[in-house]
Amino acid sequence: MRREILIGRLIGCISLLTVVSGPAFAQVELGGTYAIRMHEDYIERGPGSFLGDFTGMPLSDEGRAKALRYSSSLPSTIERQCLAQSPWVGLYRPLALRIWSEVDESGRVVAWVMAGDYLRDHVRIWMDGRPHPSANAWHSPSGFTTGHWEGDTLVARTTHVKTAWIRRGVGIPGSDQSTFTVFITRRENLLTIMTVQEDPIYLTEPHVVSRVWEFDPRASQGPLRDTCNVGVEIPSLEDTGEVPHYLPGQNPEEDFMVRIYNIPKEAAMGYAQTLYPEYRKTLRSVYKPPESCGRYCCGWIERQGLPGAAPGLTCNDGNLPPALRKTLTATER
Amino acid sequence: MGRIFSSVIAWDRYAARCANFVLDVTRIAVLGARSAPKRHWRPAKRSAVMSMGGVAWLAFVASLPAIDVAAQTRGARGGTASARADAPIDLTGQWVAIISEDWRWRMITPPKGDIVSIPLSLQGQQSAEAWDPARDEAAGEQCKAYGAPGLMRGPIRMRISWQDDNTLKLETDYGIQTRLLRFGAAAPPGPRSWQGATSAQWIVRGGGGRGAPRYGSLKTITSNLRPGYLRKNGVPYSERALFTEHWDVHSLPNGDKYLVNTNVVEDPVYLQAPFQTAIHYKLERDTSKWDPTPCDARF
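Chains as they are written, first to last, in our numbering: chain X, 1 to 333; chain A, 1 to 299.
Simulated from the structure, these hints should not be mistaken for lab results. No experiment lies behind these values; they were computed from the predicted model shown. Where is the CB? At the ideal position from N, CA and C, for every residue including glycine. Treat the hints with caution; some may be incorrect.
Here are the in silico distance ranges between beta carbons for each label pair [to be verified]:
1. X:Ser285 to A:Ala130: 25 to 33 Å
2. X:Ile78 to A:Ala273: 57 to 65 Å
3. A:Arg84 to X:Gly31: 34 to 42 Å
4. A:Arg298 to X:Gln273: 32 to 40 Å
5. X:Pro290 to A:Asp90: 38 to 46 Å
6. A:Thr287 to X:Arg284: 17 to 25 Å
7. X:Gln27 to A:Arg84: 25 to 33 Å
8. X:Ser236 to A:Asp286: 49 to 57 Å
9. X:Val286 to A:Arg84: 54 to 62 Å
10. A:Arg298 to X:Glu62: 45 to 53 Å
Reference listing, derived: stretches of chain A covered by chain X, where coverage requires no fewer than 3 residues with Cβ under 8 Å from a Cβ of chain X [what the hints assert, rightly or not]:
11. 176-185
12. 270-283
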């Protein structure tokens, strides 16, 4: 009897100390604000992609056809004004990121919340082990996301999203059947987020994107960017029922990348095989670099040093209107 | 209030008794029965306050995982067999870059003067504007875009393997380059090269004495670089550039593995701020697409 009591005490006490001593894998504190680093895909995340630029995308025929129907006036229809905001659209946008945790009464993290340049809703990553809803459940603007830790990486999975555009300003679609596996890792002051988007409708293989932010308590997210407000942008469209679009084969920008950058149409149109090194064999015989860079050549510099950052150089700033140039100059100063 | 205070005292006493009990059992297990005090297993008569020795022992037991982690994050050989034996992740295999970002600047050579995204200094911009591939070819420097900071963003396949127990070898088919990631003692100083000298360190999490899984990443720092290009069209980095990389491996439920290289290029000459990017690669089971191709200054 005495032996059983001792064994029971031993088990109970070891359990207690195990809890008290903490888990072997301490979670990383992700909370804080992170400044964007636009050192990749500046044009896509800043001014917005060129129409007809689907490079780097593994689009299905359906996805390509839908993207080519896109008109720049389409987002002005009230029903589509929030379509640019998928849960992880922050990876395609130019502002900072803010992360905080939500805890229960015992201090345990129930969810990590991510906000930033996302104009529809926060992304809440549930950490309490709750299951994903039924496949028939409502799809919300931010989707449903759960997470767990693998070492220093928070692994999240998002389902139940709404139809959205994957890239800004170019109409590349993502269906409501999209799922995202997301890896969030903080290494020293750098935060890396990699998303793997799978979409059985509009993608032929997962679309992978990895981005970097840097911890910065002063990082600005801009004014109240967490909601998507809709309103009439083009009065002539109001109550007309018109949906701006291009019929198949009639998009005037379908050949934009061919005309401006000498890129083969197949590469511009986003076929999966164009994402891999062996595609260079195809490119080698058909690609000739343009004589000069036509637009958005300086990017980062033009914002940092206007005016006169590089006197006498040929760097093209994208033909910024004088008024905008003046505004940016004042802002930077 | 009084009831709460009593509860706290009771909990404190129970925890102290419990700790003493476990400490004694642990002592016996580790040091043998003779180490057990005579008052062993009579917690009811003990003080609620542990001895200093007990506190120290408890701290040791409770911190075993932390000690384990701390020891291993020292990386290198850390007193254990080798970096290969210590590896918390498996980087070996053939990885292919997925060019889903910056396609126009990575898959092909962009036009001269296209320096968008890179935080060049004025001097850097002037250097990029002066890019002349014919001059590079004439100087035998057609590999300037294949130095480590530029190479990793290229359309590459890379094979990573252990050259020896403390050296990872990274080979690329694109430009036929080889870089050695050395753990432990620094490599002897030599002439500057496209791949420079890379020191490596495992960052280990978990793997405590309780059979818990180990996770981690690799951190490398590359210096002693020969001046080269961050982008094929002559966007420069100087010999003073420092290239820091964090290597993480992530798995999907279907077994697909991705390598993410989060990296920072610092260059006081040609950059006005650190150039920070994350590059992703996918593990290939089929290695048949390995295609060694020499450096090319133009395409």
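Hint check:
no.: 1; hint: X:Ser285 to A:Ala130: 25 to 33 Å; verdict: 29 Å, holds
no.: 2; hint: X:Ile78 to A:Ala273: 57 to 65 Å; verdict: 41 Å, violated
no.: 3; hint: A:Arg84 to X:Gly31: 34 to 42 Å; verdict: 36 Å, holds
no.: 4; hint: A:Arg298 to X:Gln273: 32 to 40 Å; verdict: 23 Å, violated
no.: 5; hint: X:Pro290 to A:Asp90: 38 to 46 Å; verdict: 43 Å, holds
no.: 6; hint: A:Thr287 to X:Arg284: 17 to 25 Å; verdict: 22 Å, holds
no.: 7; hint: X:Gln27 to A:Arg84: 25 to 33 Å; verdict: 29 Å, holds
no.: 8; hint: X:Ser236 to A:Asp286: 49 to 57 Å; verdict: 55 Å, holds
no.: 9; hint: X:Val286 to A:Arg84: 54 to 62 Å; verdict: 44 Å, violated
no.: 10; hint: A:Arg298 to X:Glu62: 45 to 53 Å; verdict: 37 Å, violated
no.: 11; hint: 176-185; verdict: violated (count 0)
no.: 12; hint: 270-283; verdict: holds (count 8)
Of the numbered hints given earlier, the model fails hints 2, 4, 9, 10 and 11; all others are met.
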